[in-house]
Amino acid sequence: MIEISRLCKTFGSNIVLNNLNLTIPEGETKVVIGRSGTGKSVLLKNIIGILKPDSGSVKIGGVEVTSLSEREYNKIRMKMGMVFQGGALFDSMNVAENVAFVLNEFMSLDEKTVRERVAKYLAMVGLQKIEHMMPSQLSGGMKKRVSLARVLCMEPEIIFYDEPTTGVDPITADAINNLIVELSHKLKVTSIVVTHDMSSAYKVADSIAMLYHGQVIAEGTPDAIRHTTHPVVKQFIHGEAQGPITEDENLIFGHIK
Amino acid sequence: MLNYLATFSGGIVFRFFRYLGEITLLLGQTLYLIFVPPFKGSRVLIQAKRVGPGSFLISALVAFFIGMIMALQMAYQMTKLSAEIYIPNVIAVSLTRELAPVLTALIVAGRIGAGITAELGSMTVTEQVEALQAFAVNPVKYLVVPRFLALVLMLPVLTIFADLVGLVGGFIICVFKLSISPPLYFTMVIESLELKDIFTGLFKTIFFGAIIALVGCHQGLNVKSGAEGVGLSTTTSVVVSFILIIMADCLFTTVFYFIFQV
Ligand SMILES: Nc1ncnc2c1ncn2[C@@H]1O[C@H](COP(=O)(O)OP(=O)(O)O)[C@@H](O)[C@H]1O
Ligand SMILES: [Mg+2]
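First to last, the sequence lines map onto chains A and B.
Residue 2 in numbering that gives the first Met the number 0 is what sits at position 3 of the first sequence, and the numbering runs on without skipping anything.
Residue 186 in numbering that gives the first Met the number 0 is what sits at position 187 of the second sequence, and the numbering runs on without skipping anything.
Read the hints as simulated data drawn from the structure, not as lab findings.
Beta carbons: idealized from backbone N, C-alpha and C, even for Gly.
Among the clues, some could well be false.
Claimed, not checked - Quick partial rundown of chain B residues pointing at chain A, CB under 8 Å, derived from the structure:
1. E126
2. Q127
3. E129
4. A130
5. Q132
6. A135
7. V136
8. P138
9. S224
10. F251
Next comes chain A alone, as it looks inside the complex (with noise of 0.2 Å):
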């Protein structure tokens, strides 16, 4: 269980994250939706500790996690993985060792067994005999699903997701959808997936949240979101250029005048 209440962050004088207030059930999948540069990976950053929010508090599994140490975090942190949006993968080492990262930091398991975990977890997400290839030489889905592995071989109680089918094709897309609802229900992850694709949005989600100006305005099940009356979140999820959230912002684009 995941409870974030009234964070705030700012960058200078670019509030971010104004007061939000969001909770994550064990086991739940949550996919926070949002336009680009709304703040949903820094919401994920600020829950995993790469980012200190200003105020506010995030609870993981009834511990407070803004106040500790560094050290007292990455004993959280051991249980949380995190797929980043362009996968950041450590680019000096091949597929193989980025997928064994933390077996090769944190424990010390004979070559084969490493191997064969790496195998699995690749396969897992699609991909096989590219062990010996660079990050350089993949496409960016490629890249995701390397570190969707990467993640997986932690085995992680808590999953985050930033925008895991953005620049994907849609059959792959469709694969990591299936894969995110697998590891929920099978694994019973506890996960949050960051997006703007709202078919992956309803295909994965418990609930579906959505950040609007450092907030969470609108909040329910799939089916609650596809039919509600709020307009922003139905501008947004219809994709619609005319609406509140352009007419806020000023912005004329998509016509010529």
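Assemble chain B with the ligands onto chain A, guided by the hints.
Quick look at chain B with the ligands alone, frame taken from chain A:
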């Protein structure tokens, strides 16, 4: 105008000391984390291999020519005084105390320091450094410590080689141009050199190595945005390393001279 100059230079002084503060902080963290497990010697070795063999040839080449140039410059002065015989002394002392350590450090700052900033900088902008943190790995322990140790260990070694090769450069001019006999050259070099000359030279390089590593890593880990940021940071890294190395050298020379009288 004066006002502007005062604000401007005040700003520079302030930024300089803030920068020194940041570097000192990183030094503190690095020194602490050296002694925190896990200890991975292999990582230091990988970095040492990048520093050592690659820089050896170029620093030896530079030292060789500096040895020759010094002999020739000295010859111009010393022949007037018929004191050519002391040329080996001057070469030996100024090479080991000053020229070999500083030139080697500057070469390594240009080659390795810049490389460190570019590497860590691109890791920073592609979220790899954040990924380390997310995997409960301390980026300073993982990235800075091995580079720091490699530079602090390798720079003295490179300097020893530069000392030797520089003396060979001087040897060639002294023997073939100034007709000093080879045995005499060696006698003069060995007689003039005291252990403390070599020691003060090598002692400094430990700090030069630390400066190169810390500035390189600090610049890399604090890249703000994209490829342009990496480029800018790399340039700054080299410039700052150069300035700090020369300043540290001046400080050490002063301290050695006035306090230890060496
Ligand atoms: N490390 C940072 N320093 C300064 N500003 C940042 C940083 N990270 C993100 N931001 C800003 O925070 C806002 C939200 O970014 P982000 O969370 O990446 O958006 P997204 O919802 O697309 O993931 C953006 O305006 C971005 O410029
Ligand atoms: Mg993002």
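To see whether the hints hold, each was checked on the structure:
1. E126: 4 Å, holds
2. Q127: Given a least distance of 5 Å, the restraint on Q127 (chain B) holds.
3. E129: 5 Å, holds
4. A130: 4 Å, holds
5. Q132: The hint holds - Q132 (chain B) has a Cβ within 8 Å of chain A, the shortest such distance being about 5 Å.
6. A135: 4 Å, holds
7. V136: 6 Å, holds
8. P138: With Cβ-Cβ at 10 Å, over 8 Å, it is violated.
9. S224: 12 Å, violated
10. F251: 35 Å, violated
Checked against the numbered hints listed earlier, the structure breaks hints 8, 9 and 10; every other hint is satisfied.
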